[in-house]
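A.B. asks: Just so you know, the sequences run in chain order A and B.
In terms of numbering that gives the first Met the number 0, the first sequence has 102 at position 103, counting the first letter as 1, and numbering is strictly consecutive.
In terms of numbering that gives the first Met the number 0, the second sequence has 75 at position 76, counting the first letter as 1, and numbering is strictly consecutive.
Hints listed in this document are in silico derivations from the structure and should not be mistaken for laboratory results.
Every residue, glycine too, gets a C-beta built ideally from N, C-alpha and C.
Any given hint could turn out to be false.
To be verified - Computed spacing ranges between beta-carbons, pair by pair: (1) B:Ala-156 x A:Glu-219: 15 to 23 Å; (2) B:Leu-222 x A:Gly-175: 41 to 49 Å; (3) B:Phe-80 x A:Gly-175: 43 to 51 Å.
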Amino acid sequence: MELALEWARPFLGGALVVLQIFAVALVLTVVIGLLGASAKLSGSRALRWLAHAYTTVFRGTPEVLILLILYFGSAVSLTALVRLFRPEIQFVDIPPFWAGSLALGLIVGAYATETFRGAFQGVPKGQVEAARALGLSGWQVFFYVRLPQMWRLALPTFGNHMLSLMKDTALISIIGLEEIMYTAKIATSVTSKPFTMYAMVGVIYLLFTWLIALLVGRLERGATRHLMESR
Amino acid sequence: MSFDIALILDSVPKLLAGIGLTLQLLLLSGLFGTLLGVLTCAARLSRLPILRWPGWLYITLFRGTPLLVQIFIIYYGLAQFEAIRDSFLWTFLREPYWCAILAFALNTGAYTGEIFRGGVQGVDKGLTEAAWALGLNRWHRLRYIVAPIALRLSLPAYGNDMISLLKGTALASTITLLDITGVARNIVAKTFAPYEIFISAAIVYLCMTWVIQRLVAWAEWRLNRPLRAS
Numbered sequence: 000m001e002l003a004l005e006w007a008r009p010f011l012g013g014a015l016v017v018l019q020i021f022a023v024a025l026v027l028t029v030v031i032g033l034l035g036a037s038a039k040l041s042g043s044r045a046l047r048w049l050a051h052a053y054t055t056v057f058r059g060t061p062e063v064l065i066l067l068i069l070y071f072g073s074a075v076s077l078t079a080l081v082r083l084f085r086p087e088i089q090f091v092d093i094p095p096f097w098a099g100s101l102a103l104g105l106i107v108g109a110y111a112t113e114t115f116r117g118a119f120q121g122v123p124k125g126q127v128e129a130a131r132a133l134g135l136s137g138w139q140v141f142f143y144v145r146l147p148q149m150w151r152l153a154l155p156t157f158g159n160h161m162l163s164l165m166k167d168t169a170l171i172s173i174i175g176l177e178e179i180m181y182t183a184k185i186a187t188s189v190t191s192k193p194f195t196m197y198a199m200v201g202v203i204y205l206l207f208t209w210l211i212a213l214l215v216g217r218l219e220r221g222a223t224r225h226l227m228e229s230r
Numbered sequence: 000m001s002f003d004i005a006l007i008l009d010s011v012p013k014l015l016a017g018i019g020l021t022l023q024l025l026l027l028s029g030l031f032g033t034l035l036g037v038l039t040c041a042a043r044l045s046r047l048p049i050l051r052w053p054g055w056l057y058i059t060l061f062r063g064t065p066l067l068v069q070i071f072i073i074y075y076g077l078a079q080f081e082a083i084r085d086s087f088l089w090t091f092l093r094e095p096y097w098c099a100i101l102a103f104a105l106n107t108g109a110y111t112g113e114i115f116r117g118g119v120q121g122v123d124k125g126l127t128e129a130a131w132a133l134g135l136n137r138w139h140r141l142r143y144i145v146a147p148i149a150l151r152l153s154l155p156a157y158g159n160d161m162i163s164l165l166k167g168t169a170l171a172s173t174i175t176l177l178d179i180t181g182v183a184r185n186i187v188a189k190t191f192a193p194y195e196i197f198i199s200a201a202i203v204y205l206c207m208t209w210v211i212q213r214l215v216a217w218a219e220w221r222l223n224r225p226l227r228a229s
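Given only the sequences and the hints, what does the whole structure look like? Please build it.
C.D. replies: Okay, structure coming up:
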């Protein structure tokens, strides 16, 4: 126990990195999910096909592989590109933080695409028609009518995606990001107490997932408030 | 930047050699995980708090933490305890292979446990009441009424969980196992050709995902026969 306290500071630092990755990847997830859902529901056959290929590949491939392809792939490409101008340079990469956030955003974004698509389809057609009849522009219909109603339907499933996203942040240690898994590794090599250290990581993640579940519960109550009152 | 076709042709047989291990991990941990899921489901639905409570704790712990952390706790962590190192368990727990299977099975067990519970709770109450009224005993109600319907209800989610498990087995490569991902990482470390190798590996996984999806669709079709007949 006192061992855990001794290492509290490095773990806190690592936990902060996890939260940063989570925040960046969450924004990417929502943006990619909305774009993907729009593509899937669009009139263009090419866009629909592209979105379909995207969700199939990113939901059917192990998360680690996607992470490795993005990180090492971009490093090889970037290095080749930079060496065209500066041949003395050996290695250039996208920092693991950004490569990792992008990979997580793309992975969970594929799931969010499906969720948002279903939720958009769940908004009654009459709502959009009524908004149109009232003279709202395309953007206004999207932001004031379709998006808020879609959100309510998507929230429970999207909450699960947030939990997956949080747990997937642990994978970024594989490409060398210095977060809590890394802290635990260092702490283990110093103290040779691997169970204590990795259990610490587990407890931190448990706390984070619990907070997310709590937050999603709150949001759900907020999003369905108008339904509660009418009962 | 060019795509090295010769390298791909050279590596694909090596990657395919990793399929055996990936399949073993998938099937063994899928089997143990499913059994564990059934037990967990039973515990969670039990009237006894002493069974319900550990079921809840198990599910919360394993669904609330990353799979990678679970693997590391089992593979690296358990060695911290002398009692484990001295026991007969150590013959298994010092092998990355069994540690991976244990971690995957425990992880899947927690998820499938909740899936099965959802299925059982989704069975129309009127049906069990009708079975009760017909004089079916506890075992018969479970065997002929609840289980078939619950299975049908939980199959889609169960199929998704098996796909998650397949993708999860890629993490076995983090504890030195040479599954498809492990082999791919080894080749990349030597050739530094990430696109060619990792994308080839991804295609192998995509094919396996597709096969699982077809199998689940087929099972769903079989189980839904009574519904189609009406």
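A.B. asks: Now look at each hint and say whether the structure bears it out.
C.D. replies: The hints, checked one at a time:
The beta-carbon spacing between Ala-156 of chain B and Glu-219 of chain A, approximately 20 Å, falls within the hinted interval of 15 to 23 Å. As the Cβ distance of Leu-222 of chain B to Gly-175 of chain A is approximately 46 Å, the hint placing it in 41 to 49 Å holds. Restraint check, Phe-80 of chain B to Gly-175 of chain A: a C-beta distance of roughly 30 Å breaks the suggested window 43 to 51 Å.
Of the numbered hints given earlier, the model fails hint 3 alone.
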